[in-house]
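Asker: All residue numbers for the sequence shown refer to the numbering used here, where the first residue is 856 and numbers rise by one.
No lab work stands behind these hints: they were computed from the structure.
All values derive from a computational prediction rather than experimental measurement.
Be aware that a few hints might be false.
Unchecked claim - Keeping only pairs whose Cα atoms sit at most 20 Å apart, straight-line, the calculated EDC-like set for lysine to aspartate or glutamate is:
no. : residue 1 : residue 2
1   : LYS961    : ASP923
2   : LYS961    : ASP974
3   : LYS961    : GLU997
4   : LYS961    : GLU989
As the list claims (entries may be wrong) - If you anchor each label on the Cβ, the simulated ranges turn out as follows:
no. : residue 1 : residue 2 : range
5   : LYS961    : ASN890    : 18 to 26 Å
6   : ALA875    : ALA927    : 29 to 37 Å
7   : ARG980    : PRO960    : 19 to 27 Å
We put the beta carbon where it would ideally sit given N, CA and C, even for glycine.
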Amino acid sequence: MNDEDALALALAQARLALDAGEVPIGAVVIGPSGNVIARAHNQRETRHDPTGHAEVLALRQAGAALGDWHLAGCTLAVTLEPCAMCAGAIVLSRVQRLVFGAWDPKAGSAGSLWDIVRDRRLNHRPEVRAGVSEADCAAVLEEFFTGRR
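Sequences are here, hints too, so could you generate the full structure?
Answerer: Structure follows, in structure tokens:
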């Protein structure tokens, strides 16, 4: 599966979050064999869980699907640049690749505000591809926040 297709699936998850009144961020994990092994969207409000970010939920599902917390060979595709918590989870889970759509200049931790995922002091650094389907990913966030203002 190519990165654009993975982001399209993540965008479908983001739209589920939008419909549920959550900040519309979606994520999918592509397993080592190229198939989708996890998909999730933000559920902080629904679950009353501060860790209910799309990335964390998708990583948990992927670990369960593989029966291992080491997600070597996996790609995480997410619609928004991960925050510090999610970037830490990505590093700790040993995800091979991170692909994301829109940049997050306020809290992004994959190159915007911080660059946790590529910090040489850490024991793992995934490959990062940013800006995939960026306009589409940003549009769903703009739709949500425009409706809130």
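Asker: When the hints from earlier in the document are held up against this structure, which numbers fail?
Answerer: Those not satisfied are hints 1 and 5.
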